[in-house]
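What follows is each chain in one-letter form.
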Amino acid sequence: MSEVVKKFLYLNRKAPYGTIYAWESLEVVLIGAAFDQEVSLMFVDDGVYQLLKGQDTAGIGMKNFSPTYRTLGDYEVRSVFVDQDSLAARGLTQDDLVQIAWEDWETGEEKENIVEVVDSARVSELMEESDVIFSF
Amino acid sequence: MKFAIQVNEGPYQHQASDSAYFFAKTALEKGHEIFRVFFYHDGVNNGTRLTTPPQDDRNIVNRWAELAEKHDLDLVVCVAAAQRRGIVDEGEAQRNGKDATNIHPKFRISGLGQLIEAAIQSERLVVFGD
Amino acid sequence: MSILHTVNKSTFERNSLESCLKFARDGASVLLFEDGVYAAVTGTSAEDSVKAALDRLSIYVLGPDLKARGLSEDRVVEGIRVVDYAGFVDLAAENDKVQAWL
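Chains as they are written, first to last, in the working numbering: chain E, 360 to 495; chain A, 940 to 1069; chain L, -8 to 93.
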């Protein structure tokens, strides 16, 4: 849809359900898929909680949108980065997080899980490398 | 410089809309271009024409409208966020069976694609939120 | 590539400034505005962290937000530059991109 291709970074720092930012930022990612940009998602601070497995919202009467994360591979999302220190501070490891599969329909290249836990130096580097950073 | 501005919060509750306004106004006065101001999350509430703030305080909605009028600014309210929060134009009223509209005429309701496009087409995205 | 990082929440309420300083690279700029300005004055528990950051980052504070909150410029940590909205716009234009720490 666009000739210009930019590196988009969606920065997520907030927990899900307590506020709407997690869900509405995901909606931007889904709509953004049609624009063929180079998309990465970054989860830092409480944002890491968005990727926790086993979310069950029946008791709070809210839509459980966590299954959507697992489909991000279908929405032109190449990389999902999670800040290691944010996980550790919250007593979490990668095992607590959902897995997101990705496949390139043209080449057949497949990845079982594009969720990557990275250290803070790499987080800084990824922010530096992006062209546009969305914050919610 | 061509700027895109994203406003994540509604009028008065947070300073976001005020800060965004002063940034936009100043940028325009300096000769920069504002490609679009995109209102998301509770920011869509900046687009209602029905506010009646106290006389001795700033009128946030009108202020944006006047800036838009003066500089031909594109003030866009996200349709999905607007539907959730009840910001309605004629089209939305008809589509969703609402008996009223409340959008301010200087704002327009459109899709999230407008934010993405703004990010692609402009040189700087500046986000104001909580 | 230099980033203008913006921090608008009080460092005593949120960890936005802390995270910003942790991830901002040497040579980057940080603008404290709205409630973020409280971190710019001397005598707070954040002062050491802010002073340490000044060794590698350029830190700015929005004057109108300081003034609104009753904080005079002579209370600003030495090395932090006070700017107005015109300065904010300039910083956004001069750096390669803006990153909001909300």
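The hints are simulated quantities; they were obtained by calculation from the structure and are not laboratory data. Hints may contain errors.
Residues of chain E clear of chain L, computed beta-carbon distances all greater than 12 Å [as the list claims (entries may be wrong)]:
id	residue
1	Y380
2	I390
3	E462
Restraint ranges, calculated between C-beta atoms of paired labels, are given here [said to hold, decoys possible]:
id	chain 1	residue 1	chain 2	residue 2	range
4	A	K1009	E	D433	42 to 50 Å
5	E	T466	A	E1008	46 to 54 Å
6	L	E9	E	N472	43 to 51 Å
7	L	E69	E	A460	26 to 34 Å
8	A	E968	E	D415	30 to 38 Å
9	E	E362	A	G1036	39 to 47 Å
10	A	Q1022	E	N472	46 to 54 Å
11	A	R997	L	S63	17 to 25 Å
12	A	T990	E	E471	35 to 43 Å
13	E	R481	A	Q1060	24 to 32 Å
14	L	P55	E	A460	42 to 50 Å
15	E	D415	A	E1005	24 to 32 Å
Think about it this way: if two alpha-carbon atoms lie no more than 20 Å apart in a straight line, the pair counts; the simulated SDA-like pairs of lysine to any residue are [unchecked claim]:
id	chain 1	residue 1	chain 2	residue 2
16	E	K366	L	K0
17	A	K964	L	V74
18	L	K58	A	E1062
19	E	K365	L	K0
20	L	K58	L	V73
21	E	K365	A	G1030
22	E	K412	E	K365
23	A	K1045	A	V1018
24	L	K13	E	R449
25	A	K969	L	A77
26	A	K1045	A	A1032
27	E	K366	A	S1061
28	L	K42	L	V74
29	A	K1037	A	G1025
30	E	K366	A	E1062
31	A	K969	A	R1002
32	A	K969	L	A84
33	L	K0	L	P55
34	A	K941	L	D87
C-beta atoms are modelled at their ideal positions from N, C-alpha and C, and glycine is treated no differently.
A quick look at each hint next to the structure:
1. Y380: violated, 8 Å
2. I390: holds, 20 Å
3. E462: holds, 31 Å
4. A/K1009 x E/D433: 42 to 50 Å: holds, 44 Å
5. E/T466 x A/E1008: 46 to 54 Å: 51 Å Cβ-Cβ, so the 46 to 54 Å window holds.
6. L/E9 x E/N472: 43 to 51 Å: 30 Å Cβ-Cβ, so the 43 to 51 Å window is violated.
7. L/E69 x E/A460: 26 to 34 Å: violated, 53 Å
8. A/E968 x E/D415: 30 to 38 Å: At 52 Å between Cβs, range violated.
9. E/E362 x A/G1036: 39 to 47 Å: holds, 40 Å
10. A/Q1022 x E/N472: 46 to 54 Å: Hint violated: Cβ distance 34 Å, outside 46 to 54 Å.
11. A/R997 x L/S63: 17 to 25 Å: Given range 17 to 25 Å: holds, Cβ gap about 24 Å.
12. A/T990 x E/E471: 35 to 43 Å: violated, 51 Å
13. E/R481 x A/Q1060: 24 to 32 Å: holds, 30 Å
14. L/P55 x E/A460: 42 to 50 Å: At roughly 49 Å between Cβ atoms, E/A460 and L/P55 fall inside 42 to 50 Å, so the hint holds.
15. E/D415 x A/E1005: 24 to 32 Å: violated, 48 Å
16. E/K366 x L/K0: Outside the cut-off at roughly 27 Å; violated.
17. A/K964 x L/V74: holds, 16 Å
18. L/K58 x A/E1062: Measuring from Cα to Cα gives roughly 31 Å; hence the hint is violated.
19. E/K365 x L/K0: Violated, at roughly 29 Å.
20. L/K58 x L/V73: Satisfied, since the Cα-Cα distance of roughly 11 Å is no more than 20 Å.
21. E/K365 x A/G1030: violated, 33 Å
22. E/K412 x E/K365: violated, 31 Å
23. A/K1045 x A/V1018: Measuring from Cα to Cα gives roughly 15 Å; hence the hint holds.
24. L/K13 x E/R449: holds, 17 Å
25. A/K969 x L/A77: Within the cut-off at roughly 8 Å; holds.
26. A/K1045 x A/A1032: holds, 17 Å
27. E/K366 x A/S1061: It holds: about 13 Å lies between the C-alpha atoms, which stays within 20 Å.
28. L/K42 x L/V74: Holds: L/K42 and L/V74 sit about 18 Å apart, inside 20 Å.
29. A/K1037 x A/G1025: Holds: A/K1037 and A/G1025 sit about 10 Å apart, inside 20 Å.
30. E/K366 x A/E1062: holds, 13 Å
31. A/K969 x A/R1002: holds, 18 Å
32. A/K969 x L/A84: Holds: A/K969 and L/A84 sit about 11 Å apart, inside 20 Å.
33. L/K0 x L/P55: Holds, at about 15 Å.
34. A/K941 x L/D87: Holds - the C-alpha atoms of L/D87 and A/K941 are around 12 Å apart, at most 20 Å.
Going down the numbered hints, you'll see the structure goes against 1, 6, 7, 8, 10, 12, 15, 16, 18, 19, 21 and 22, while the others check out.
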